[in-house]
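Could you build all of it, start to finish, from the sequences and the hints given here?
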Amino acid sequence: MSTLLDTKGLNCPLPILKTKKAIKDLSAGDTIQVESTDPGSVKDFEAFCRSTGHKLVESREADGVYTYLIEKSA
Amino acid sequence: MSEGGNSKKMCIIVTKGTLDWAYPPFILATTAASMDVEVSLFFTFYGLQLLKKDVSHLQISTLGNPGMEMPIGGMHMKMPNMISMLPGVDAAASTMMRNLIKKKGVASIEELREAAVDLEVKMIGCQMTMDLFEWNKDMMIDGIEIGGAATYMEMAQEADINLFI
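Taken in sequence, the protein lines are chains A and B. When we follow my numbering, the leftmost residue of the first sequence carries the number 7, and every step to the right adds one. When we follow my numbering, the leftmost residue of the second sequence carries the number 10, and every step to the right adds one.
Simulated from the structure, these hints should not be mistaken for laboratory data. The structure presented is a predicted model; accordingly, all values stated were derived computationally and were not measured. There's no promise every hint is true.
[To be verified] Partner residues aside, some chain B positions facing chain A, computed with beta carbon under 7 Å:
id: 1; residue: 36
id: 2; residue: 40
id: 3; residue: 45
id: 4; residue: 113
id: 5; residue: 114
id: 6; residue: 115
id: 7; residue: 160
Quick reminder that beta carbons are idealized off the backbone N, C-alpha and C, glycines included.
Now the structure itself:
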């Protein structure tokens with residue numbers, strides 16, 4: 007299953023908080039795609055995934071929108 | 010509480026009761042809890058203001074705060090102390106700050122505090138402070154605990170991260 011989470015326009019730490027909330031409802035192996043306009047979120051999502059063990063499958067930027075693909079760990 | 014691989018604990022003493030200083034503890038607490046860190050906040054003295062049911066009274070103070078500059082129309086406005094001391098200036102500056110917070114997509118304190126509750130952040134209010142300022146538990150949000158210095162010390166001893174804000 008894959009979910010889309012739009013956090014565009016929100017500032018730190020809301021993209022992380024909303025991602026955490028959304029991941030809670032997923033099963034292990036499910037992915038979530040998070041969109042953000044916060045440039046600080048690039049390092050934050052890397053740190054978030056390293057600390058929680060969720061896998062940051064992809065991190066990219068296009069036209070000021072940062073997109074993260076995260077796979078939930080067990 | 011911790012569903013991920015993280016088993017760290019963080020404990021913060023919260024001592025400030027202004028709108029701007031309400032942010033660091035709640036931002037760090039909610040972010041840490043989101044990263045599966047077990048968080049405890051100990052609210053004491055003016056920090057206990059942040060646990061009151063209604064936090065719309067929180068203000069910033071521009072007095073003696075040279076680092077504060079508000080972006081206005083492409084410029085940055087600083088407040089001379091002579092102006093800051095006038096009645097109503099703090100209230101006006103606080104309204105400007107709240108508008109700025111909303112405009113920039115920054116969370117409100119109410120929003121962060123709700124997130125903290127959702128994320129099971131443990132919040133402890135200081136009994137001595139409540140006695141001192143004649144506040145009672147009914148004025149505070151639900152779900153908090155009341156304790157003293159020994160309660161804090163026990164949490165602090167077990168914490169990997171200890172902060173005083």
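Structure-based check of each hint:
1. 36: holds, 5 Å
2. 40: Hint on residue 40 of chain B: holds, closest Cβ of chain A at ~4 Å, below 7 Å.
3. 45: Constraint on residue 45 of chain B satisfied, holds at 5 Å.
4. 113: Constraint on residue 113 of chain B satisfied, holds at 6 Å.
5. 114: holds, 4 Å
6. 115: With a minimum Cβ separation of about 5 Å from chain A (threshold 7 Å), the hint on residue 115 of chain B holds.
7. 160: Not OK, violated: residue 160 of chain B not within 7 Å of chain A, min 27 Å.
Violated hint: 7 only; the structure is consistent with all others.
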